[in-house]
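**Student:** Here the protein sequences come in this chain order: U and S. Residue numbers for the first sequence follow our numbering, beginning at 32 and rising by one. Residue numbers for the second sequence follow our numbering, beginning at 10 and rising by one.
Hints listed in this document are in silico derivations from the structure and should not be mistaken for laboratory results. Source: prediction; values computed, not measured. Please note that a few of the clues may not be correct.
Lysine-lysine pairs mimicking DSBU-like chemistry, simulated, CA-CA at most 30 Å apart [to be verified]:
id: 1; chain 1: U; residue 1: Lys65; chain 2: U; residue 2: Lys529
id: 2; chain 1: U; residue 1: Lys222; chain 2: S; residue 2: Lys43
id: 3; chain 1: U; residue 1: Lys402; chain 2: S; residue 2: Lys26
id: 4; chain 1: U; residue 1: Lys330; chain 2: S; residue 2: Lys47
id: 5; chain 1: S; residue 1: Lys47; chain 2: U; residue 2: Lys162
id: 6; chain 1: S; residue 1: Lys26; chain 2: U; residue 2: Lys186
id: 7; chain 1: S; residue 1: Lys26; chain 2: U; residue 2: Lys244
id: 8; chain 1: U; residue 1: Lys394; chain 2: S; residue 2: Lys47
id: 9; chain 1: U; residue 1: Lys190; chain 2: S; residue 2: Lys26
id: 10; chain 1: U; residue 1: Lys402; chain 2: S; residue 2: Lys38
id: 11; chain 1: S; residue 1: Lys43; chain 2: U; residue 2: Lys394
id: 12; chain 1: U; residue 1: Lys65; chain 2: U; residue 2: Lys523
id: 13; chain 1: S; residue 1: Lys47; chain 2: U; residue 2: Lys402
id: 14; chain 1: S; residue 1: Lys47; chain 2: U; residue 2: Lys86
id: 15; chain 1: U; residue 1: Lys304; chain 2: S; residue 2: Lys26
id: 16; chain 1: U; residue 1: Lys113; chain 2: S; residue 2: Lys26
id: 17; chain 1: U; residue 1: Lys222; chain 2: U; residue 2: Lys351
id: 18; chain 1: U; residue 1: Lys190; chain 2: S; residue 2: Lys47
id: 19; chain 1: U; residue 1: Lys428; chain 2: S; residue 2: Lys47
id: 20; chain 1: S; residue 1: Lys26; chain 2: U; residue 2: Lys318
id: 21; chain 1: U; residue 1: Lys162; chain 2: S; residue 2: Lys26
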Amino acid sequence: MQADTRENIILELENVGCLKRLRIEFKPGLNIIKAPNASGKTTIIRGFSCMFSDKIPPSHVLALDELNGRIRVHYDGRIYEKTLRRTPSGQVMAQGDMLPFTDPRAFDACVALAETGVVHRITGGNVVFRKYLEELSYGNIYSAVISASQELINKYGRKLAGPSFRNFEMLPLLLTELTDLHIRRDQIKQKIEDLKSSHESRIQEIHDQIEKKSSTLSREETHLSQLTKNLSLEKEREEQLQELLNLTDESSEVAISINKGIASSREKQERLKMEIESQTRLVESLKSDLEALRDLLKKEEETGPRGLRDLERRLENINKMIILKEEEIQRAERFPPDDAEYPGRLVVDVRSEILRKIEWLEKVTEYFQEKYMRRMTSARRRFNSNVTRAFRELGLKGFENVFLDQNFALHVMREGSIRQPIETLSASEKLTISLILMLAAKETFLPDFPLFIVDELTLSYDPERFWRVMNYIKRRVPYVIVTSLTSSLTGKPEVIHKP
Amino acid sequence: MSNTGNRGSLRHVPYIKELERVAVNLLRKNPDSKERLKEILEEYASRYAREYNIRA
Numbered sequence: 032m033q034a035d036t037r038e039n040i041i042l043e044l045e046n047v048g049c050l051k052r053l054r055i056e057f058k059p060g061l062n063i064i065k066a067p068n069a070s071g072k073t074t075i076i077r078g079f080s081c082m083f084s085d086k087i088p089p090s091h092v093l094a095l096d097e098l099n100g101r102i103r104v105h106y107d108g109r110i111y112e113k114t115l116r117r118t119p120s121g122q123v124m125a126q127g128d129m130l131p132f133t134d135p136r137a138f139d140a141c142v143a144l145a146e147t148g149v150v151h152r153i154t155g156g157n158v159v160f161r162k163y164l165e166e167l168s169y170g171n172i173y174s175a176v177i178s179a180s181q182e183l184i185n186k187y188g189r190k191l192a193g194p195s196f197r198n199f200e201m202l203p204l205l206l207t208e209l210t211d212l213h214i215r216r217d218q219i220k221q222k223i224e225d226l227k228s229s230h231e232s233r234i235q236e237i238h239d240q241i242e243k244k245s246s247t248l249s250r251e252e253t254h255l256s257q258l259t260k261n262l263s264l265e266k267e268r269e270e271q272l273q274e275l276l277n278l279t280d281e282s283s284e285v286a287i288s289i290n291k292g293i294a295s296s297r298e299k300q301e302r303l304k305m306e307i308e309s310q311t312r313l314v315e316s317l318k319s320d321l322e323a324l325r326d327l328l329k330k331e332e333e334t335g336p337r338g339l340r341d342l343e344r345r346l347e348n349i350n351k352m353i354i355l356k357e358e359e360i361q362r363a364e365r366f367p368p369d370d371a372e373y374p375g376r377l378v379v380d381v382r383s384e385i386l387r388k389i390e391w392l393e394k395v396t397e398y399f400q401e402k403y404m405r406r407m408t409s410a411r412r413r414f415n416s417n418v419t420r421a422f423r424e425l426g427l428k429g430f431e432n433v434f435l436d437q438n439f440a441l442h443v444m445r446e447g448s449i450r451q452p453i454e455t456l457s458a459s460e461k462l463t464i465s466l467i468l469m470l471a472a473k474e475t476f477l478p479d480f481p482l483f484i485v486d487e488l489t490l491s492y493d494p495e496r497f498w499r500v501m502n503y504i505k506r507r508v509p510y511v512i513v514t515s516l517t518s519s520l521t522g523k524p525e526v527i528h529k530p
Numbered sequence: 010m011s012n013t014g015n016r017g018s019l020r021h022v023p024y025i026k027e028l029e030r031v032a033v034n035l036l037r038k039n040p041d042s043k044e045r046l047k048e049i050l051e052e053y054a055s056r057y058a059r060e061y062n063i064r065a
């Protein structure tokens, strides 16, 4: 402790709260600001706090009916000044210096204002205390990084669950479907080829049949012609024999022989006629067959292979499906060129990039979780140690110890290691414990901060407890500032100094 | 929560010390800079994805 070597702190306030102008001096040791109600005790604390913490908004400091105000502090041979200005829109702006020991945590650890709910900390449960120690130990920085990392992990996770990446997950299935379509297309093409080939064979077969039939017809027609010719010759022969017979004696042997020849010729003619008739039927039949074959050929040529149209329609449909599937695959593989975030990039690359980001953020989360746990465990241990020392040194009647357990729940232990529920403590006991916990927090996290300020929290103390607590604080902090009610009617705050 | 067995590997998280310094400075000055913190984390995550994708 260096109180004996320190200089006085001079605080000057102008248009702050209800105070038009005030100059007040704090000496090393205990400084008791005495004043009646509504005379500016809390205003002094707020104004002074503005010089080392930004927790109090300037609008809570500047006098309501003033446009400008000023706070000035003489400390360690230097003057620190802050001006307050109300803008035309009614906003209050603060500008100027901060004291060299300024710390954003100081207001929570070193200024015990009744209005900031000091007591609430002990009655608020483990969540409140965990948050309090988090802020004082800067564990909140680690939890902020953890929370931001997890938010980003969730954000990237949501991205990966989005439509672009869902389609990408479908890529193997889409490729299988495309392969199936190609196989089906090849099968149909083969069927078409087979059908065409079979049709051509059929046409050729009909051609062959026509050719063969034509040849047969030609041959049979020649044969018929020959038969007809033979018949004609036979008729001529009969006529010649008949003429010869007319010239011959009917009873002669020659005539008999000629008659025999005529009879033979007639038989032959009959036979030829029958043959011609039969041959004619055959030729007609062949012609009819040939006609039928030519009709068949014409029909086959006109209609083409049966089922070809249906197959060609199916082939056309499959080709369309292949194009659609290829487009779908392209969409699944690559972001569109007009995509706001990843224009034209391969989905696989972006996916891999996002997975890498998640991987790193998970490592960061794990790292900071470990740091957070270590920091909070250490903070709790050091805090408990300072609380235990305070209770031991203060020797408060009836109390054995107060400590935070692993879950940051506060345990108040009465003599005989009996745990007392917080809510059953008396008002002054709650205040005493709150103050001691706050001082322990200050000693743990801001050991070099030179101030400890208590605003109207000691009203319910009897003089013995007041001095016991104040002397304990005074031994640990260079400047202790306490506000206290007085029955004086002057209305002006006065500082009583106890070195 | 990681156990002590992981500590060795966690120390080798790329850019972690640099990030820690930047984050602590940022949040000590302004504890409400959560959005800026997320931007910083995204920048480092992108850097990691870029550099470690190439290595992979």
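**Student:** Verify the proposed pairing of U/Lys402 with S/Lys38, using a straight-line Cα cut of 30 Å.
**Tutor:** holds (20 Å)
**Student:** U/Lys304 and S/Lys26 were given as a pair; does the straight-line alpha-carbon distance stay at or below 30 Å?
**Tutor:** Violated, at roughly 124 Å.
**Student:** Under the criterion that the straight-line Cα-Cα distance not exceed 30 Å, is the pair U/Lys222, U/Lys351 satisfied?
**Tutor:** Holds, because 19 Å separates the two Cα atoms, which is no more than 30 Å.
**Student:** Could you grab the alpha-carbon distance between U/Lys330 and S/Lys47 and see if it respects the 30 Å cut-off?
**Tutor:** violated (79 Å)
**Student:** Within 30 Å, alpha carbon to alpha carbon, are U/Lys402 and S/Lys26?
**Tutor:** OK: U/Lys402 and S/Lys26 at ~12 Å, within 30 Å.
**Student:** Would the hint linking U/Lys394 and S/Lys47 be met if the CA-CA limit is 30 Å?
**Tutor:** holds (15 Å)
**Student:** Compare the distance between the alpha carbons of U/Lys113 and S/Lys26 with 30 Å, and conclude whether the hinted pair is satisfied.
**Tutor:** Between U/Lys113 and S/Lys26 the Cα gap is close to 37 Å, so the pair fails against 30 Å, i.e. violated.
**Student:** Given the proposed pairing of U/Lys222 with S/Lys43, does the C-alpha separation stay at or below 30 Å?
**Tutor:** This hinted pair is violated, its Cα atoms lying about 67 Å apart.
**Student:** Just to be careful, I want the Cα atoms of U/Lys428 and S/Lys47 compared with a cutoff of 30 Å; is the pair within it?
**Tutor:** Measuring from Cα to Cα gives roughly 51 Å; hence the hint is violated.
**Student:** Check the hint pairing U/Lys65 with U/Lys523 against an upper bound of 30 Å on the C-alpha distance.
**Tutor:** Holds, because 9 Å separates the two Cα atoms, which is no more than 30 Å.
**Student:** Between S/Lys26 and U/Lys318, is the straight-line Cα distance small enough, at 30 Å or below?
**Tutor:** violated (105 Å)
**Student:** Holds or violated: S/Lys47 and U/Lys86, Cα atoms, limit 30 Å.
**Tutor:** holds (24 Å)
Hint compliance for this structure: hints 2, 4, 7, 15, 16, 19 and 20 are broken, all remaining hints hold.
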